[in-house]
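Q: Sequence:
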Amino acid sequence: MDRVRKLGLKRSSIIISCVTFCWVSWACADARLEEIIVVSEKRSESLQDLSQAVTALSGEDLDAKNINSFVDLSAIAPGVTVAKNEGFKTIISIRGVGNETNQNAIAAPSVSYHMDGIYIASPFSLQTDFIDVERVEVLRGPQGTLFGQNSTGGAINVISKPPSVEEMSGKTDLTIGDHGLVKARGSINVPISDTAATRTSISITERDGFSDNTYTGQELDDASHISFRTDWSFFLNEDTNLRFFAQYFEADNNGAAIKGIDDPTPDPRKLSQETISDYQLESKVVAGILESDLGSVTVKALLSWQEDDIRVVRDNDRHNWFQEGNTYLRSEFNPESAIVNTKTAEINLISNEPLFGSLDWIVGAFYYDFEYENHIREFIDFGWDGNFDGSFDDPTLGITIPGEWGFISDAVPTRESHSFYGQTTYSFSDNFRLITGLRYTEDTVESRVSNFFSPVVRIYQALDEMTGRIAGEYDFGGDSMAYISYTLGFKPGGSNLTYGFTKAEDAEMGNAIAPPLVFPTFESETITAYEIGLKTDILDGRVRANIAAFLYDYEDLQFQATDPDVFRGGVANIPESEMKGLEIEFLALLSDSWSLDVKMAFLDSEITADYDTLDNVKAGPYFFGQEDIRYSLRENINGNELAKSPDFTANASLTYQSDLASGHTVSGSIEIVHRGEFQQRVINNMSIDKVNDYTLVNLVTSIQPVNSAWSFSLMVFNATDEDGVNSSMTDVFGVNATGLELIPPRQVKGRVSYDF
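Position 343 of the sequence shown, counting from 1, maps to 356 under the working numbering, and the rest follow consecutively.
Source of the hints: derived by calculation from the structure; they are not laboratory data. Source: prediction; values computed, not measured. We put the CB at the ideal spot given by N, CA and C, even for glycine. It is possible that part of the hints are untrue.
Dumping the calculated DSSO-like pairs for lysine-lysine here, alpha-carbon to alpha-carbon at most 27 Å [claimed, not checked]: (1) 313 x 593; (2) 297 x 283; (3) 102 x 356; (4) 703 x 102; (5) 297 x 174; (6) 196 x 55; (7) 356 x 196; (8) 174 x 196; (9) 55 x 356; (10) 283 x 313; (11) 631 x 102; (12) 283 x 55; (13) 703 x 631; (14) 102 x 313; (15) 297 x 196; (16) 593 x 283; (17) 174 x 762; (18) 593 x 762; (19) 184 x 297; (20) 102 x 196.
What follows is a set of in silico ranges between Cβ atoms, one per label pair, in the way DEER data are often shown [to be verified]: (21) 705 x 443: 49 to 59 Å; (22) 444 x 189: 26 to 36 Å; (23) 681 x 566: 40 to 50 Å; (24) 305 x 348: 42 to 52 Å; (25) 606 x 763: 48 to 58 Å.
Using the sequences plus the hints, can you model the full thing?
A: Printed below as a string of structure tokens:
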């Protein structure tokens with residue numbers, strides 16, 4: 014039966030391809046797809062000329078697809094999954110490679126985020142809104158040469174609209190929708206002189222919550238955001254540009270709806286929890302970019318200072334003790350706060366003319382300094398009476414606080430890194446090119462940790478790593494290129510900030526001693542990636558098809574683990590894993606008015622070595638004297654699926670645009686987004702780890718009156734009102750509760766825009 018289904022799908026695909034091919038052949042003889050220019054390899058070049066998988070989304074695409082932040086990118090680009098964790102963290106996975114260590118402040122992400130080429134280090138910056146964006150470039154696969162560490166999954170570069178000295182211009186729009194949505198945006202470009210210009214943008218969003226806490230009366234998943242950006246550009250001469258920008262984001266709302274997996278409230282958009290939650294975030298970036306064309310080479314220097322300040326209050330057991338009783342230990346974080354400071358510096362030299370007529374090159378150096386000040390205050394109802402009784406002395410505030418403490422931690426981890434890199438492209442002929450690249454990185458981590466159960470501890474780790482890339486490109490036909498590549502990527506190791514009692518202390522206290530599964534430090538993870546791809550424009554540029562197939566050997570994957578001993582959870586390493594997949598991007602001009610855009614990704618992932626770990630849900634909460642019992646519950650996860658690795662994701666949109674007889678321009682689109690089922694943890698506990706698939710339908714229609722600066726749009730997102738689960742998260746510390754975060758419900762919006 015499966016063979017029949019596969020045969021049917023194959024025949025259907027062939028029929029659809031043939032029909033599309035025939036339709037396009039006669040329908041639009043003169044139209045051509047636009048060339049997309051990107052800076053994915055730190056120089057401007059056509060997306061179709063890159064020997065790697067890249068998806069570019071314009072600012073217009075972001076508006077049409079309701080992409081306001083990183084969370085909205087899930088399944089829009091092939092192989093990209095974006096999950097929300099703990100209500101205030103965003104986890105991006107590309108091809109199944111993501112950050113499975115989100116409860117460790119110093120652990121690095123696997124997908125690096127760049128703003129106008131500047132590395133943004135703070136994990137909380139992924140919570141900010143996009144503002145005045147020209148395009149978003151999503152690079153899939155390890156970027157270990159040009160983008161360095163923390164990009165084993167890939168990299169995302171958000172390109173802002175730059176100031177222009179040409180003319181004064183701007184845009185403003187107002188969006189109103191259900192759930193009390195009001196969003197106002199504005200940007201203005203002002204030439205100061207023939208050699209200087211400034212661009213200023215602001216975005217304000219207010220929206221009621223998508224979900225309700227029936228016990229506290231709070232609306233959750235609400236929005237109260239403001240974003241501001243100012244950008245200044247000075248042309249020091251014809252060949253040199255100096256650019257400064259500052260960007261600010263502030264959010265102050267009730268926080269996310271994180272519904273307990275067994276919450277008895279039947280409505281998925283309602284939950285019952287006794288904690289009044291709160292979410293506050295301030296994010297600041299100040300940067301300078303100097304770029305100078307010296308003739309045969311361009312020099313580019315980038316400097317930045319970044320600060321994020323976040324404070325969160327949330328219910329940690331995801332339930333209501335007063336209504337459900339002792340389902341879980343009552344627990345809340347009140348508060349968890351962090352201040353993240355980052356400084357970055359980078360310089361690169363890029364050839365403008367091939368050396369010896371055949372060799373293009375780029376060399377550079379990168380430095381960053383990262384400090385994460387993290388404070389956690391958790392209360393746990395150890396008396397099982399629904400109250401937080403007793404008292405304890407808070408070492409940070411210097412006061413006595415009533416309550417039953419569960420976990421108190423003050424940690425200040427720092428990371429310092431510098432690297433040197435180079436990449437060359439040698440043209441053996443007009444058709445064949447060989448790309449080679451190397452990057453050397455030195456990384457040091459130092460953590461000062463003070464937990465209520467231990468004195469101040471300093472943990473130090475230093476490492477160095479060499480990564481690189483070899484790729485071959487071959488042009489055939491008029492607009493077609495095939496490539497094959499071998500890439501090494503790595504993510505640095507670090508220290509476990511919650512590492513608890515030492516073995517000696519355990520022995521002195523008379524507790525049972527079990528062999529550790531988590532250690533004070535964890536190792537770097539590495540990926541060896543093999544990829545082949547095809548990029549082609551056919552039918553005189555009316556059809557574009559990009560295909561990539563890949564195989565990853567994954568060593569020492571970092572994941573959030575638990576330990577038999579009390580307060581010894583943290584990050585551990587899975588020795589060997591493997592993933593393979595196929596990605597297809599297809600874009601066709603069906604006629605002068607109709608276009609079809611289809612993106613699909615198929616992925617298979619598996620742990621391929623024996624490895625014992627402990628499922629904290631099965632083991633239950635920590636208790637002294639039960640270490641050996643907990644240790645006996647460990648399980649071998651060889652053969653398990655990796656986390657956040659859906660086997661299939663797809664995005665398809667059909668767009669119509671035409672000029673009416675009256676001269677007005679009308680457009681409309683229907684988009685279908687599918688994100689497949691995945692496991693939220695490598696444990697693959699089917700009772701809590703399985704996250705079901707969902708399919709969304711989005712509708713957009715717009716009109717641009719003739720000879721008018723005004724335009725009007727009506728949008729319906731999630732038209733069928735799916736209650737899909739964006740992600741789930743199980744805390745490896747404390748009460749082991751699992752919470753679900755949903756995708757937004759149906760949203761109906763109207764937008765009026767004015768360009769000048």
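Q: Are the hints correct? Go through all of them and say.
A: Results of checking the hints against the structure:
Distance hint between residue 313 and residue 593 is unfulfilled; the C-alpha atoms sit about 36 Å from each other, more than 27 Å. For the hint linking residue 297 to residue 283, the alpha-carbon distance of about 34 Å lies beyond 27 Å, and the restraint is violated. A distance of roughly 21 Å separates the Cα atoms of residue 102 and residue 356; the hinted pair therefore holds under the 27 Å criterion. Under the criterion of a C-alpha separation no larger than 27 Å, the hint pairing residue 703 with residue 102 is consistent with the structure, at around 20 Å.
Proximity of residue 297 to residue 174 is assessed by CA-CA distance (about 18 Å); at most 27 Å being required, the pair is judged to hold. Restraint check for residue 196 and residue 55: the C-alpha separation of about 34 Å exceeds 27 Å, so the hint is violated. For the hint linking residue 356 to residue 196, the alpha-carbon distance of about 32 Å lies beyond 27 Å, and the restraint is violated. Note on residue 174 and residue 196: the hinted pairing holds, with a Cα-Cα distance of about 20 Å set against a maximum of 27 Å.
A threshold of 27 Å between alpha carbons decides the hint, and for residue 55 with residue 356 the separation of about 20 Å falls inside it, so the pair holds. A C-alpha spacing of about 51 Å is found between residue 283 and residue 313, which places the hinted pair above 27 Å, so the restraint is violated. Proposed proximity of residue 631 and residue 102 is supported: the alpha carbons are some 25 Å apart, at most 27 Å. Between residue 283 and residue 55 the alpha-carbon distance is near 47 Å, which puts this suggested pair outside the 27 Å criterion.
As the CA atoms of residue 703 and residue 631 are separated by approximately 16 Å, the hinted pair is consistent with the 27 Å bound. A distance of roughly 32 Å separates the Cα atoms of residue 102 and residue 313; the hinted pair therefore is violated under the 27 Å criterion. Using a Cα cut-off of 27 Å, the hinted pair residue 297 and residue 196 holds, with the two alpha carbons roughly 21 Å apart. For the hint linking residue 593 to residue 283, the alpha-carbon distance of about 39 Å lies beyond 27 Å, and the restraint is violated.
Between residue 174 and residue 762 the alpha-carbon distance is near 25 Å, which keeps this suggested pair within the 27 Å criterion. Restraint check for residue 593 and residue 762: the C-alpha separation of about 39 Å exceeds 27 Å, so the hint is violated. A hinted pair counts as satisfied when its Cα atoms are at most 27 Å apart, and residue 184 with residue 297 qualifies at roughly 24 Å. Restraint check for residue 102 and residue 196: the C-alpha separation of about 23 Å stays at or below 27 Å, so the hint holds.
One distance hint, 49 to 59 Å for the beta-carbon pair residue 705 and residue 443, holds here, with the actual separation near 51 Å. Separation of residue 444 from residue 189 is about 54 Å and departs from the stated range, judged on CB atoms against 26 to 36 Å. Look at residue 681 against residue 566: about 45 Å separates their beta carbons, and that is inside 40 to 50 Å. Separated by about 47 Å at the C-beta atoms, residue 305 and residue 348 satisfy the suggested range of 42 to 52 Å.
In this structure, residue 606 and residue 763 break the distance hint of 48 to 58 Å, their C-beta atoms being roughly 24 Å apart.
The structure is inconsistent with the numbered hints 1, 2, 6, 7, 10, 12, 14, 16, 18, 22 and 25, although it conforms to all the rest.
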